[in-house]
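Chains B and L, in that order, give the protein sequences.
Note that my numbering gives residue 66 to position 66 of the first sequence, counting from 1, and the numbers run on in steps of one.
One rule links them: number in my numbering = place in the second sequence (from 1) + 1000.
Read the hints as simulated data drawn from the structure, not as lab findings.
All clues given are correct.
Only some residues are given here: those of chain L computed to face chain B with a beta carbon under 10 Å: (1) 1004; (2) 1034; (3) 1041; (4) 1100.
Straight-line Cα separation of at most 30 Å, DSSO-like style, residue types lysine-lysine; simulated pairs: (5) B:9 - L:1005; (6) L:1056 - L:1037; (7) L:1037 - B:9; (8) L:1068 - L:1054.
Ideal Cβ placement from N, Cα and C applies to all residues, glycine included.
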Amino acid sequence: NAGVTQTPKFQVLKTGQSMTLQCAQDMNHEYMSWYRQDPGMGLRLIHYSVGAGITDQGEVPNGYNVSRSTTEDFPLRLLSAAPSQTSVYFCASSYGGQLYEQYFGPGTRLTVT
Amino acid sequence: DQQVKQNSPSLSVQEGRISILNCDYTNSMFDYFLWYKKYPAEGPTFLISISSIKDKNEDGRFTVFLNKSAKHLSLHIVPSQPGDSAVYFCAVAAGNMLTFGGGTRLMVKP
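Excised from the complex, chain B in its bound form (with noise of 0.2 Å):
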């Protein structure tokens, strides 16, 4: 098992810039979400899903766009990138019946300028 993977490891990107952060993961966990973190913040939650065609909004949802067509993949979506919105950003999943015991994969970092 791969466990939950994240690419790419670094990105930069000029504001305005669009682009798209990968997750997927092979347990078969019908639940997927989407964090940030920041230093003295922890980790926010950006967007999850429940399962496959099901999403909704965390603490953090502004300016990130998720979908989930498959169980395996949640990509996150960044519209027009801010300076606000450079942090690492790990996705985690889990199965239902322990949903809160989630497994991360190993972060995104992201830096816009």
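Assemble the complex: chain B is given as a structure, and chain L must be docked to it using the hints.
Coordinates of chain L only, in the frame set by chain B:
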């Protein structure tokens, strides 16, 4: 306003001694509580959890205590080992969402 607070950004402990990490929350509706551990350049990993119907849960060297009246959660590590040096996040659960505290960096000195 932050619903989950870890007031100590860092903690230094001697190897073999007890490490106590603390977490306070504001909403009495939270019903499940967790601790995650994070090493540099890696994603967080789940460590231990407790439901609101309990006040203590133990797993080897790790024990989580819940004081519902004080809205306070703590993690005890006994004995502490150098490999425990990491950032520890508490998290509280409600519905389909986890809310994390800001983290405490634990340094265990040999």
